[in-house]
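If you read the sequences in order, they're chains V and D.
For the first sequence, counting from 1, position 112 maps to 358 in the numbering used here; every step adds exactly one.
For the second sequence, counting from 1, position 9 maps to 28 in the numbering used here; every step adds exactly one.
Because the hints were derived from the structure by calculation, they are not lab data.
All values derive from a computational prediction rather than experimental measurement.
We put the beta carbon where it would ideally sit given N, CA and C, even for glycine.
Take these hints with a grain of salt, some might be off.
[Unchecked claim] With beta-carbon atoms standing in for the labels, derived distance ranges: (1) D:Val-45 with V:His-349: 38 to 48 Å; (2) V:Ala-331 with D:Ala-747: 21 to 31 Å; (3) V:Glu-487 with D:Ala-454: 52 to 62 Å; (4) V:Leu-393 with D:Arg-817: 21 to 31 Å; (5) D:Arg-37 with V:Leu-393: 40 to 50 Å; (6) D:Pro-87 with V:Ser-258: 32 to 42 Å; (7) D:Arg-164 with V:Glu-506: 14 to 24 Å; (8) V:Ser-258 with D:Gly-466: 27 to 37 Å; (9) V:Ala-408 with D:Glu-122: 34 to 44 Å; (10) V:Gly-271 with D:Pro-87: 55 to 65 Å; (11) V:Asp-507 with D:Glu-231: 49 to 59 Å; (12) V:Asp-507 with D:Asp-323: 27 to 37 Å.
[What the hints assert, rightly or not] Straight line, CA to CA, 20 Å or less: simulated DMTMM-like cross-link-like pairs of lysine to aspartate or glutamate: (13) D:Lys-289 with D:Glu-218; (14) D:Lys-580 with D:Asp-680; (15) D:Lys-421 with D:Glu-458; (16) V:Lys-248 with D:Asp-299; (17) D:Lys-34 with D:Glu-583; (18) V:Lys-248 with D:Glu-583; (19) V:Lys-248 with D:Asp-54; (20) V:Lys-248 with D:Glu-147; (21) D:Lys-580 with D:Asp-541; (22) V:Lys-248 with D:Glu-218; (23) D:Lys-616 with D:Glu-648; (24) D:Lys-616 with D:Asp-659.
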Amino acid sequence: MKAAAFEYARASSIEEACALLRERGDGARLIAGGQSLAPMMAMRLARPTWLVDINDVPDLQYIRVEGERLRAGACTRQRALERDARAIRLVPLLSQALQWVGHIQTRNRGTAGGSLAHADPSAELPLVACVLDAEVSVRSTRGRRALRAGDLFTGPMTTTLAADELIEEIAWPIWREDHVGSAFTEVSIRHGDFALVAAAAQVALDGEARCLRASFGVGGADATPVAFPELAQTLAGARLEDSIISTIAERAAAALDPGEDLHASAHYRRHLAKVLAERSLLEARDRAIARRAGQIRQ
Amino acid sequence: MASAAAPGEFRYIGKRRRTKEGPRFVQGRGRYVADVALPGMKHVALVMSPHPSARIIAIRTEAARALPGVRYVLTGEEFCAATDSLQIGVDAPQVRRYALAHEVVRYAGEWVVAIVADSRALAEDAAELVEVEYEPLPFVVDPERALAADAPLVHAAHGSNVLYHRRFVWGPVDEAFAGAAHHIAFRAVWGRSSTVPIETFGVVARWDPGTELLDVWASIQMPKFPDQVARALRLPGNAVRVHYDVDVGGSYGGKRGLKHTALAGYLAMKLGAPMRLIEDRLENMRGGDAHGPDRIFDMGAAFDSDGTIRALRIRAVDDAGAYTGRAPLQLGKPITAICGPYRIAAIEYEPVSVMTHKTPQEAVRGFGQSPTNFALERMMDRVAAYLGMDRIALRRHNLIRKDEFPYRIPSGSAYDSGDYHTVLDKALAAIDYPALVAERDTARRAGRLAGIGISTCLEPSGGNAAFEILFNPKNETTTWMDSCLVRIDLAGAVTGVIGTSSSGQGHETLVSTVIGEVLERDPASIRVARADSLSALPSNSPVGSRMAIMLGGAAAGAARKIREALIAIAAHNLDCSVEKIDYRDGDVSVIGDPSRKMTWDQLVEIAHRKYHRLPPGLEPGLQAKFVWEVPTGGGLPTPDGRVQMYPCYAFEAHVVYVEIDPDTARPELRRYVCGHDCGVMINPDIVHGMTYGGIAHGIGAALYEKFAYTPDGQLASGTFMDYLIPSALEVPALTIVDHCTPSPLTTFGQKGSGEAGYLGAPAAIANAVNDALAPLGTTLDTLPMTPHELWRKISAARATARS
Numbered sequence: 247m248k249a250a251a252f253e254y255a256r257a258s259s260i261e262e263a264c265a266l267l268r269e270r271g272d273g274a275r276l277i278a279g280g281q282s283l284a285p286m287m288a289m290r291l292a293r294p295t296w297l298v299d300i301n302d303v304p305d306l307q308y309i310r311v312e313g314e315r316l317r318a319g320a321c322t323r324q325r326a327l328e329r330d331a332r333a334i335r336l337v338p339l340l341s342q343a344l345q346w347v348g349h350i351q352t353r354n355r356g357t358a359g360g361s362l363a364h365a366d367p368s369a370e371l372p373l374v375a376c377v378l379d380a381e382v383s384v385r386s387t388r389g390r391r392a393l394r395a396g397d398l399f400t401g402p403m404t405t406t407l408a409a410d411e412l413i414e415e416i417a418w419p420i421w422r423e424d425h426v427g428s429a430f431t432e433v434s435i436r437h438g439d440f441a442l443v444a445a446a447a448q449v450a451l452d453g454e455a456r457c458l459r460a461s462f463g464v465g466g467a468d469a470t471p472v473a474f475p476e477l478a479q480t481l482a483g484a485r486l487e488d489s490i491i492s493t494i495a496e497r498a499a500a501a502l503d504p505g506e507d508l509h510a511s512a513h514y515r516r517h518l519a520k521v522l523a524e525r526s527l528l529e530a531r532d533r534a535i536a537r538r539a540g541q542i543r544q
Numbered sequence: 020m021a022s023a024a025a026p027g028e029f030r031y032i033g034k035r036r037r038t039k040e041g042p043r044f045v046q047g048r049g050r051y052v053a054d055v056a057l058p059g060m061k062h063v064a065l066v067m068s069p070h071p072s073a074r075i076i077a078i079r080t081e082a083a084r085a086l087p088g089v090r091y092v093l094t095g096e097e098f099c100a101a102t103d104s105l106q107i108g109v110d111a112p113q114v115r116r117y118a119l120a121h122e123v124v125r126y127a128g129e130w131v132v133a134i135v136a137d138s139r140a141l142a143e144d145a146a147e148l149v150e151v152e153y154e155p156l157p158f159v160v161d162p163e164r165a166l167a168a169d170a171p172l173v174h175a176a177h178g179s180n181v182l183y184h185r186r187f188v189w190g191p192v193d194e195a196f197a198g199a200a201h202h203i204a205f206r207a208v209w210g211r212s213s214t215v216p217i218e219t220f221g222v223v224a225r226w227d228p229g230t231e232l233l234d235v236w237a238s239i240q241m242p243k244f245p246d247q248v249a250r251a252l253r254l255p256g257n258a259v260r261v262h263y264d265v266d267v268g269g270s271y272g273g274k275r276g277l278k279h280t281a282l283a284g285y286l287a288m289k290l291g292a293p294m295r296l297i298e299d300r301l302e303n304m305r306g307g308d309a310h311g312p313d314r315i316f317d318m319g320a321a322f323d324s325d326g327t328i329r330a331l332r333i334r335a336v337d338d339a340g341a342y343t344g345r346a347p348l349q350l351g352k353p354i355t356a357i358c359g360p361y362r363i364a365a366i367e368y369e370p371v372s373v374m375t376h377k378t379p380q381e382a383v384r385g386f387g388q389s390p391t392n393f394a395l396e397r398m399m400d401r402v403a404a405y406l407g408m409d410r411i412a413l414r415r416h417n418l419i420r421k422d423e424f425p426y427r428i429p430s431g432s433a434y435d436s437g438d439y440h441t442v443l444d445k446a447l448a449a450i451d452y453p454a455l456v457a458e459r460d461t462a463r464r465a466g467r468l469a470g471i472g473i474s475t476c477l478e479p480s481g482g483n484a485a486f487e488i489l490f491n492p493k494n495e496t497t498t499w500m501d502s503c504l505v506r507i508d509l510a511g512a513v514t515g516v517i518g519t520s521s522s523g524q525g526h527e528t529l530v531s532t533v534i535g536e537v538l539e540r541d542p543a544s545i546r547v548a549r550a551d552s553l554s555a556l557p558s559n560s561p562v563g564s565r566m567a568i569m570l571g572g573a574a575a576g577a578a579r580k581i582r583e584a585l586i587a588i589a590a591h592n593l594d595c596s597v598e599k600i601d602y603r604d605g606d607v608s609v610i611g612d613p614s615r616k617m618t619w620d621q622l623v624e625i626a627h628r629k630y631h632r633l634p635p636g637l638e639p640g641l642q643a644k645f646v647w648e649v650p651t652g653g654g655l656p657t658p659d660g661r662v663q664m665y666p667c668y669a670f671e672a673h674v675v676y677v678e679i680d681p682d683t684a685r686p687e688l689r690r691y692v693c694g695h696d697c698g699v700m701i702n703p704d705i706v707h708g709m710t711y712g713g714i715a716h717g718i719g720a721a722l723y724e725k726f727a728y729t730p731d732g733q734l735a736s737g738t739f740m741d742y743l744i745p746s747a748l749e750v751p752a753l754t755i756v757d758h759c760t761p762s763p764l765t766t767f768g769q770k771g772s773g774e775a776g777y778l779g780a781p782a783a784i785a786n787a788v789n790d791a792l793a794p795l796g797t798t799l800d801t802l803p804m805t806p807h808e809l810w811r812k813i814s815a816a817r818a819t820a821r822s
């Protein structure tokens, strides 16, 4: 459990980090919180030749609200995002999801960008990014580009990021409707484990409790987290009766292609996907209704 | 030695006092094997077999040897020629076991090559450069399949995969089954879990060619360890010196480390350099040879309509893995409590130990008793369900009554004492059982799966390991003594010297408390030192819940000798008979004439310096040793395999409440009470701490932990990503309710408690889960009861209900 030999560089700016990534080539990897990469290196499952440390880059650690976006620097600690008052008020799904990520100790180190770049298909933050259609800003010495979270993930632990690119920022859409509710549900064997399956949902209702828009998705039940924009679209204009939600959840689960491992069969995962998608939508709906009724004060 | 006193009569025993070893651990000042750093020390890493069964065709080590910093590359060919096989617990001379594989590999993870380098990282680099060419061979990982006539043989020379098989019949089993009104039969399966201490196994060995002495610092909990290391290395016993003053970072049975130590010892001698081998987690889980029991029980019970259990038939097939040491004996210890706390007159027990191409098994907390308790307690609930009888009423009906002790069970052991009904009642009262039933029923009405589990189980303690001779007639061991040396120095300070290392059992607290009690000196002032194996009195190490009884008894015996010596000195100098001496806090006076008195310091001074004032015949200096044989020990088995094993029997009654999410099948423990009676507690905090840990460990075995194998013979759960141990978040608030029935066999009435909690928790949790499943008409008798397994049961039951 000793990492293979590697070189180490600590960047103090985004530009320096990008330059290091370009200079050091394909074997270079960024390290931020190190909560996944360090044990993978210890087991020699990951063998970077260079580690580029971005913990000292101040421009990667911020949370700010700009218009319809909550913007978080990639190196923002998960715990900071979880506890940020603006995030809790404007993008509550983030805080709801982050409570499921590892443990407080790992969230104190783990970063938002690291979770996305690691791209575990059962991880919580990538799911929320897909469900909310977050925008991911990516930097390299070649410039800056932005992509939708759904276009970032290509499979388990794989992304469309090039070897010389780093995630700079994740911009989370803020839903400004009056009656918004969101929910995150998950089944893991123990608290803090990666999800067997997780589901996230957010709905906005009008004054008559009709759905203005909805979004939901499932993690851990396919090669990437999967959001269901077309299915969610069908909810617009409807009253979100239990039966409608159940049908939508069923259809979503049927569209997934879950894998199988020691802890859960594909069959069980598909079942959980249905149960959790349904629960997250019901809970999100109920929260939106409660907000409409003024029962929840922010 | 027997003088069973109630705890109130003691001054230090049973009192909540700060533990002796706690402060240094809390301050991070423990000294573990990884803290032993010797000049010139080299590091060992291992190349493990990727195949469950294969012939080794060739090993190419040139590239590894060429790496700078690499000092040696050792293969099995050299090692097996230069050392002897490790000891096998049963009579199976053709099952030979070495630290490194030679010619064939028998499980995925088996050590094939050892690399010695200047650092562990370099050794791992070199390990990657070793090329081993294998020819894969047929393998078997299913223990029942391994019993088949055409199964691949793990050790061909042994001629079979069976290590041990015997059918014991104690009492009129056939008659009871013929005469009983009802029978049930079912299968219960205990999954391959184990102990996974935070500290993996580690050893540092140093050979001194001048004195021809091998010094060993190791993270051990192993009886007769120095002897076995010496034999493996073909050294005289006095050429191995094991240092017991190494803190052990958890063991719970598994830290045996003979193969590691033989390997490190050989390399230290070969290279003339101190050698350090500390397993990493991957080596520990795949190749550390410390998996636990992996057991299939076929249970049969014969009983009458009033709930009287008349006879049992138990067949237990246990998967020992690819090699063996003491593993098969884990089928033997439960013989000492084979009917649990119940009056059952006739028992048939058929243990079968079988080898497979899996990581070898090692001792786990309770040494096979917890799996057996799980099977027995599932049987009790199944009998109750069959009869439509309340589970508690059934237990009360069959539990041995407190006026029946000592109670001899059919397999030969006499239980010393107990008050099982009272402990059960206390546990039920503590959880408010009627309210709990109401809570469960309310949850059920709301559509949730909710269940209450109860277990009433024994913890045999004292470690009279007479199963050794039962499982190997050539091993005529009938003593498992322990000992203590107590000395008072010139300044009057008291030291207890013990001959074993500790893996968290609190022996320093135990010994200082006991000596303080006898000598009436503050335990905080008493130091407890650990000898090395050349200077130590004999010990059988802290296994089998034995140290409160055995080390406690030995420390008391030695302290009493000191007290008698002090009284003799006082009588001689105060010119009276010893009966007239009043000993108080170490000072003395003459009864009836308190002006004639001497202080502790004066007595010590005489003993150490003033021979002319010593009574005739008394040795100068103040030290005393006491070696204690296990109470009730010494007996040989009868031809039908009845023997008195463990002397003392602690009792625990668990009551647990679980809810299972009906849609996701995820179980959650909501309430937990454990009633516990281990006689007189020497230190209640230590007993409670061990019980908390034991329950957590039992929660793991019941719900989470499994060394699972893939169909192609690979360990699927070789890291903590997949081998899941309960964290603080999975362990509910635990309430422990104490009760004290002193043992009549021990110095202060104490019994053992090192396995407490673990022996009843899996049984109670399994019963709770099955109570929750009962409304669906399904059962789950296989551990661990994971969400996936629960979901399969729940969905199958629902499908059946629909059709």
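Holds or violated: 27 to 37 Å for the Cβ distance of Asp-507 (chain V) and Asp-323 (chain D)? violated (48 Å)
Sort out whether Glu-583 (chain D) lies within 20 Å of Lys-34 (chain D), counting only the CA atoms. violated (25 Å)
Range agreement (Cβ of Glu-231 (chain D) with Cβ of Asp-507 (chain V), hint 49 to 59 Å): Between Asp-507 (chain V) and Glu-231 (chain D), where Cβ atoms are some 53 Å apart, the hint holds.
Evaluate the given range 14 to 24 Å for the C-beta pair formed by Arg-164 (chain D) and Glu-506 (chain V). holds (23 Å)
Per the hint of 40 to 50 Å, is the separation of the Cβ atoms of Arg-37 (chain D) and Leu-393 (chain V) within bounds? Once the Cβ atoms are compared, 60 Å apart, the range 40 to 50 Å for Leu-393 (chain V) and Arg-37 (chain D) is violated.
Distance restraint between Lys-289 (chain D) and Glu-218 (chain D), which requires alpha-carbon spacing of 20 Å or less: Cα-Cα ~27 Å, so violated.
Range hint 55 to 65 Å: satisfied by the CB atoms of Gly-271 (chain V) and Pro-87 (chain D)? Given a distance of about 25 Å, which is not inside 55 to 65 Å, the answer is violated.
Hint check for Glu-122 (chain D) and Ala-408 (chain V) - Cβ pair distance inside 34 to 44 Å: Violated, at about 50 Å.
So the hint says 27 to 37 Å: do the beta-carbon atoms of Ser-258 (chain V) and Gly-466 (chain D) match that? About 58 Å separates the Cβ atoms of Ser-258 (chain V) and Gly-466 (chain D), which means 27 to 37 Å is violated.
Tell me if the straight-line CA distance from Lys-616 (chain D) to Glu-648 (chain D) falls inside 20 Å. Roughly 37 Å between the alpha carbons, so the hint for Lys-616 (chain D) and Glu-648 (chain D) is violated.
Holds or violated: Lys-616 (chain D) and Asp-659 (chain D), Cα atoms, limit 20 Å. Answer violated: Lys-616 (chain D) to Asp-659 (chain D) is near 60 Å, above 20 Å.
Next pair to validate is Lys-248 (chain V) with Glu-583 (chain D); report whether the Cα-Cα distance is within 20 Å. Not OK: Lys-248 (chain V) and Glu-583 (chain D) at ~57 Å, beyond 20 Å, violated.
Checked against the numbered hints listed earlier, the structure breaks hints 1, 3, 4, 5, 8, 9, 10, 12, 13, 14, 15, 17, 18, 23, 24; every other hint is satisfied.
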